[in-house]
Structure formats: C-alpha cells, structure tokens
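Q: Sequence:
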Amino acid sequence: MLIKRAYGRFLYLEGHEYRMYNTYDVHFYASHALINLWPNLQVSLQYDFKDSITQKNSEIRKHLYDGKTCERKIENTVPHDLGDPAENPWLQMNAYPIHDVSEWRDLNTKFILQVYRDFSIIRDFEQINSDNTSKFSSIEFIDKESLSDMIMGSGNQRIVDKSKKSASMYINETNGKVYLMSSIKYLKDMYPICKVVMEKTLKFDLDGDGLIENSSSPDQTYDTWVMSGPSIYCGGLFLASLHVMSVMANILDHPDDCIKYSDILDKGRKALEDKLWNGKYYSFDTSGTNIIMSDQLCSHWYLRSCGFDYEIFPKAKVQRALRSIFENNTAGGLYNSMTENIGLAFETPEAVYEKSCYRSIGYMRPLSIWSMQSAYERSKKLNN
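If you're matching positions, the sequence shown starts at 110 in my numbering and goes up one per residue.
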C-alpha cells in the first residue's frame, strides 16, 4: 500500500495496562490528537484498518463475558484492535478477549465518521496551508519523502534515486511541491469499504425504523454497560454515519447511495426523537432507566468537528441536554483529583476509583482533549 511505503505504520497501546494496539472504539476519541497534530499518522492508521476489515481469522475463542465461542475476526467488520505486543500485530487482530466485537454497534460507525472527519480536516489543511507544508512534518524525511525513494547517506546527507517517482499522494504533480495526503484521494479510497461496513450495520436495525437496536449486552465501547433497544450512544453514531455516508456519496457522484442513506436517516431521525428524547435529555436506551449519559452527544460533536451544524440533533434539544449533563455530571472533581491531588493530568488513567486506586494510566481516551482545540479553531473561524 503506497501510504505505508511512503510514511510507515503506527501502533500505540490503549493504555499502560491494556495491551492492545490501536484500540479502535477508543481511538475514535484519541484520533483528534493525531489528525490535528500529525495528520499523516492518522491516515496511515486508517489505511491499516481499511485493509483489516475484509480479513478474517477462523481461530475459535471463548469470550470472558458470557463463555460463548466465535471466530476471532469476522469478515467485513471493523476490528476492535490490531493486536497484542506478544503476538503478531496487524496479522492477529482482536486481541481483546471479553466480547464478540463483530456484534458491537459502534465500531463500524466510528470508522465511517473518522473517514469523513479526516477528509474534512485534511481538505482544510490543503486549502489553508498549501504553501506551508513543513507545518505537518514531525520527522522530516518520513513526512516529506517516500522512504522507498530514499536512503540515509553518511554525514546525514540524503541520497535519492531520481529514477524513482515519489509517492503521488505527497506530490502535487502540477508544481512538484510536497503536500500531505490528498483529501479526495483518501475519500475515494475509503468510500467502498465504508459502504461495506454500513451495509453490515444496517442489519442491526431489527424493526426497519431507521435506528439500530442494541443487543441487551455491553455491545459497545462502554463494555460493562448493558444497552437495550435503541440507545442514544449507538443510535446517535448510526445516524451521524448515515449523514456522512450520504454526503460522501454526493461528493463522489453516487446518487443512488446518497438517496438511500438519506431516506434511512430521515426515518431514523424521527425514531430517535420519538423513542429517546424525554424533554430534558436523551435517554440512555429504551429500558426505562433514568441514567443521564454524559457522552450522549458525542455523535453530534463529531458532526460539528466535520463542519456540520444541527443536521441530526435539534439545537434547542442539544442545549437542553447539555444543561442536564452539566447540572448532574460535571467533571470538576476529576480535574482536581488528576491535577491537584495525584498528579496524573498528563498520564490520565482509564478509570479512577472512589478510594486510592486507578486503572490503566496513559489511556487513549483523554487525548480527546485535542477536540477542544478543534472547537476553539472552528469558533475563531466563525467569529472572523
């Protein structure tokens, strides 16, 4: 794959205690750091996941949650992770042994949303910074030139075989300048596999109302929380992914796909409001619980980070839900604990217990803090 030859491949652990590389349901949050700081790292990682989706691993494994057995990797599904350091990363995926992740409701939709989010940000980089490509270089000779076109000579001088052509996705053929990944090429490469995983996800809509149902098990990133029927978390991600699928189809001139996904979205939007809005916030699921999920609007934020507005969630309801979250789920105590008391602000753990314990420092999800930078940049752009 050209992107891998040109730039290399990237793995990072879910946390210091969670030995899984590129855990995708959590990378969904952490990826804000990569796409904004080192966009080609995010692109390389996404191509690895693209290639992994159609792969399968027939190894039969018993899952810790329910004792059921299934194949380790099911074809046409986004894997949970790209492997364990003790095995063969990239080749042996889904090191996670607790659930059958092929049935998770959030992995496929998170892939689709990341594809469009990456496209929108790379497109902005292309438009705004075309004359300042060095901004995107963390390691110069990796970022700027194909590794296959270059070897390092003595005295740190580069020796380039001029008979070889540099990676086209880093070269503007009209002027020879070096740019980061072409946004439209990225979208064209990713759209077919996005369509594959979307079609897989549509099977989770059991009653045809345009909204997927959970399986009354922990079938998403919050892997001890049981969700029953439609849930705001997975249902919201599904509707957001339908929206970006219709937009991508329109950009790439696939009118039938655009119409299909838009029609499902129209049904699903109504079902979401009818089944989950309770007047103050979106209900966790349809089980009747009064839990206020603080992450209920993450799909809305992903759409906002892509440059969309209130296409899925009405503005008044978003504001009301945020007020309910703020009144009941503020994180001031977490800030005081991490920064003032135990000094883990820069290696934030996955979980903090009530007394004297925490779990998995250096966790992925806190890298979502970089999405606040995105919010600031977009707000500044709108104000200007």
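Among the hints, erroneous ones may be present.
To be verified - List time: in silico EDC-like cross-link candidates among lysine to aspartate or glutamate, alpha-carbon distance up to 20 Å:
#, residue 1, residue 2
1, K165, E308
2, K312, E184
3, K312, D362
Stated by the list, open to error - Here are the computed distance ranges between Cβ atoms for each label pair:
#, residue 1, residue 2, range
4, L443, D332, 18 to 26 Å
5, D383, Q236, 33 to 41 Å
6, A454, D233, 40 to 48 Å
7, L491, L443, 25 to 33 Å
Hints in this document: simulated from the structure, not taken from any laboratory. Cβ coordinates follow ideal geometry from the N, Cα and C atoms, glycine included.
Q: Would you mind marking each hint as holding or not holding in the structure?
A: Structure-based check of all given hints:
no.: 1; hint: K165 with E308; result: holds (18 Å)
no.: 2; hint: K312 with E184; result: holds (15 Å)
no.: 3; hint: K312 with D362; result: violated (25 Å)
no.: 4; hint: L443 with D332: 18 to 26 Å; result: holds (20 Å)
no.: 5; hint: D383 with Q236: 33 to 41 Å; result: holds (40 Å)
no.: 6; hint: A454 with D233: 40 to 48 Å; result: violated (29 Å)
no.: 7; hint: L491 with L443: 25 to 33 Å; result: holds (29 Å)
Of the hints listed earlier, those the structure fails to meet are numbers 3, 6, in rising order.
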